[in-house]
Amino acid sequence: MKKIVVLAKQVPDTANVTGDAMKEDGTVNRAALPAIFNPEDLNALEMALTIKDKIAGEVIVISMGPPKAVEILKHSLYMGADRVMLITDRKFAAADTLATSYVLAETVKKIGNVDLVLAGRQAIDGDTAQVGPQVADKIGFNQVTYVSNLKEFTDEYLIVERDGEVQTEVIKTAYPVLLTVTAEANTPRYPNCRKMLHYFRADLKDNFRKDELSVAEENDWIIPTCTMDDLGLEEDRCGLKGSPTKVHKIKSIMLKGGDLKMYGTEATDIKQLVRDIMKDYVEVN
Amino acid sequence: MENFYNENRKFYLNNIDLNEIVSDLENGYQDTGSEALHAYKEAQKWYEMVLTNAGEICANFIAPRAEAVDEQGPTYRDGLVSWAPETQENMKALSDAGYLGGMLPRKYGGLNLPVTVNTVIVEMVSQADASLMNLFGLQDIAVTVNKFGDEAQKNRVLPKFCKGEVSGSMALTEPDAGSDLQSVALRAIEKDGEWYLDGVKRFITNGNGEVSLVLARSEEGSKGGRGLSMFLYERYRDKNMIVRRIENKHGIHGSPTCELQFNMAKAELVGRRKFGLIKYVMSLMNGARLAVSAQALGIAQAAFEEAVKYANEREQFGQAIVHFPAVYQMLKKMQAEIETTRMLLYKTSQAVDHEDMYERKSQRGEDLKTELKYAVAMAGFLTPLTKFTATEMANKVAYDAVQIHGGCGYMKDFPVERLARDARITNIYEGTTQLQVVAAIGGVINNVLEQEWENLKELRIKELSADKDRILGFVEKLQQTVAGVAELKNKDFHDYVANYLVEIASIIYRCALFLPVAEEHTEKRELFGFFMNESITRIDYLISQINMLKKRYGESIVDLKADFVIK
Chain X
1 MKKIVVLAKQ VPDTANVTGD AMKEDGTVNR AALPAIFNPE DLNALEMALT
51 IKDKIAGEVI VISMGPPKAV EILKHSLYMG ADRVMLITDR KFAAADTLAT
101 SYVLAETVKK IGNVDLVLAG RQAIDGDTAQ VGPQVADKIG FNQVTYVSNL
151 KEFTDEYLIV ERDGEVQTEV IKTAYPVLLT VTAEANTPRY PNCRKMLHYF
201 RADLKDNFRK DELSVAEEND WIIPTCTMDD LGLEEDRCGL KGSPTKVHKI
251 KSIMLKGGDL KMYGTEATDI KQLVRDIMKD YVEVN
Chain B
1 MENFYNENRK FYLNNIDLNE IVSDLENGYQ DTGSEALHAY KEAQKWYEMV
51 LTNAGEICAN FIAPRAEAVD EQGPTYRDGL VSWAPETQEN MKALSDAGYL
101 GGMLPRKYGG LNLPVTVNTV IVEMVSQADA SLMNLFGLQD IAVTVNKFGD
151 EAQKNRVLPK FCKGEVSGSM ALTEPDAGSD LQSVALRAIE KDGEWYLDGV
201 KRFITNGNGE VSLVLARSEE GSKGGRGLSM FLYERYRDKN MIVRRIENKH
251 GIHGSPTCEL QFNMAKAELV GRRKFGLIKY VMSLMNGARL AVSAQALGIA
301 QAAFEEAVKY ANEREQFGQA IVHFPAVYQM LKKMQAEIET TRMLLYKTSQ
351 AVDHEDMYER KSQRGEDLKT ELKYAVAMAG FLTPLTKFTA TEMANKVAYD
401 AVQIHGGCGY MKDFPVERLA RDARITNIYE GTTQLQVVAA IGGVINNVLE
451 QEWENLKELR IKELSADKDR ILGFVEKLQQ TVAGVAELKN KDFHDYVANY
501 LVEIASIIYR CALFLPVAEE HTEKRELFGF FMNESITRID YLISQINMLK
551 KRYGESIVDL KADFVIK
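Just so you know, the sequences run in chain order X and B. To convert, note that position 26 of the first sequence is 26 in the working numbering; the numbers rise steadily by one, no gaps. To convert, note that position 344 of the second sequence is 344 in the working numbering; the numbers rise steadily by one, no gaps.
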């Protein structure tokens, strides 16, 4: 019996970008993009469900986000998650990876006795790939990032493949551990119709009318939420306040063929690479 | 991401009122619990999700595997049949998502969907991979067990179907009993209160499946349909049936077509003895005919989309060929035929839903004899009419789609080549087109659609009132023609012109279904006008053809075969 937590994020669908996807100031026009389940988080959830299907377990999906992120949590339930939780608070707004990982890590700690944490490698909006590793550090778990294949798993250990650019590492790890998962790892299952029937009316407590609440509660239709106070977090470490990253400027860059240059693996090649990077990207005052 | 639950399907499905049907299916919305539906609106919302999810699986999971399935197909070794690996993946995806018991009650693990909603799913599965529909659509076996089996049989078999643990087959055809099922010879022998099957079945789709419904002669020495009963054979309970071979087919390569040998294989009687053909197989067959109609429409949709795409990409004489009248003429006809057939298919599914609903209500003791009788007549007429229409249409559409592709369409490199092969079976199995005519002609002569025509008269149509008059004029012409044919008391002549009459009925009914849609939705007017024009000329042609035949041949129509009968 394993307790598995999946970290999920609702993101703008950057794969289907239309003309008005970016505002004039260079920030993302979220209104113009449909909100979707971050694709690699679906791979993480699929991995969790695969493990649960074979060796008994409980899959808990948590997401930090605004109320409308409830949609991806419902999707998780349709796929087979056992429970979900929305971590939501106005004070979480504008969090960078440091603040986000603080909130998520505290949530995992609060859930308690977690054996495995799975997250997508990165989100398609920020593309940082930092949240998973930071959470692992904060909860004191070992971590394997860029997992592209779950080769073998038992109650005692996991064997995974970790994708590097030129090699694949095969890693055997005990629990507890945090893995970040890439799109290559699996094909996420489709929602199940019976589970959709069970949960399509599920929502946040605030969105039910008073007279509907008792039925909603009986039928397990209320998506639980957690606020900053519920988790007993330090306000200075949350949201904008807890985020040292300040976006200076966003530029729209079109890559041209000439931007790609290949280097060899000899020491001289690496030296050349460093020199080129210094020349192009490092401003020396 | 592409989704086969497209705007067109949504539009025509939403045009069908399922309110009463769903209310009955959902026990008057009186149930409680997390899965209970409490209003039609709620049910619609969930159906929409079920259909959208299916459309996504079909477009993004199943369709990309269709070519590989066609290429490899199932394999046969030492009596064992294995589906192509991609077919197995497809079935697993559909099963995991919960679609395999679409029309079965939830207590067995099903979804309890109306037939109409399930039909749209069948149509989408077929668009993605026509051969997969044969396996997916065989949940009709489970539906038949649910309708006529006893509790023990249902409890044993149905949950397995819903979980995707078993698949099914309907074992009817034999070497000497194809269209003529009354001459089925496979013997069912009763010994010490148990039944054993002995004999051969041929051309059995997915005969390797774990659960078969077998039509067999239970009354020794009898001849004809009344000596036949239906049996439930489960391979996991008995090993005395072997698959002798699988066929090498023209199309639907993904679906294994088996020859089965029963060697005193133990089976169970389903329902009542001697009702096998006349009741249970007819019911099973009607469900299958509806599914094959949906299959045909799905194939037509796929072929049409391929044709549109190719016509826009392919340039000849300095422009895309879509700009040539000869090409867009074909496309326009395809579009009109596909959309009007879709209206007819969904309407027919609704009629089947009505029939099921009145049967359920009657079983609960409600006195609904008149309603049930009407619903049975409507479903019984519209089912063969739709199969006749959809499967011939699909062949024509696939044929023209190949034509638009020119030489490329003849090559395996383009999907239309496969689609044309897959379409070819639809107007043959589950009753050939010629047998659909036999099944539908009675309804044309007895004017089963009388109430529909009356409803049309009452319909308040403002802007398209001239079209309404035209359609009512068609109805009158049809009736006159039927009367003219009946005057001549000659069975050969009646049979000779039957397909013309059934085609006229199909066209008029589709015009009648389209009219209120076009009245309400102005964006459909152009297509409606096109279809009306096509219909006027086609109906005129068919009627003058019948009149000409009557005048020229009449009683002597039988002479037309003289040149072909080998003495």
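Accuracy of the hints is not assured; some may be wrong.
Claimed, not checked - FRET-style restraints, in silico, Cβ to Cβ: (1) B/364 with X/218: 24 to 34 Å; (2) X/140 with B/412: 36 to 46 Å; (3) X/16 with B/367: 30 to 40 Å; (4) X/55 with B/190: 31 to 41 Å; (5) X/71 with B/364: 33 to 43 Å; (6) B/309 with X/237: 53 to 63 Å; (7) X/128 with B/64: 54 to 64 Å; (8) X/215 with B/20: 49 to 59 Å; (9) B/523 with X/21: 53 to 63 Å; (10) B/105 with X/218: 46 to 56 Å; (11) B/245 with X/218: 21 to 31 Å; (12) B/273 with X/207: 50 to 60 Å; (13) X/218 with B/82: 18 to 28 Å; (14) B/278 with X/16: 54 to 64 Å.
In short, the hints are calculated from the structure, not lab data. A virtual CB, placed ideally from N, CA and C, is assigned to each residue, including glycine.
Contradicted hints - numbers only = Result: hints 2, 3, 4, 7, 8, 9, 10, 11, 13 break, sorted rising.
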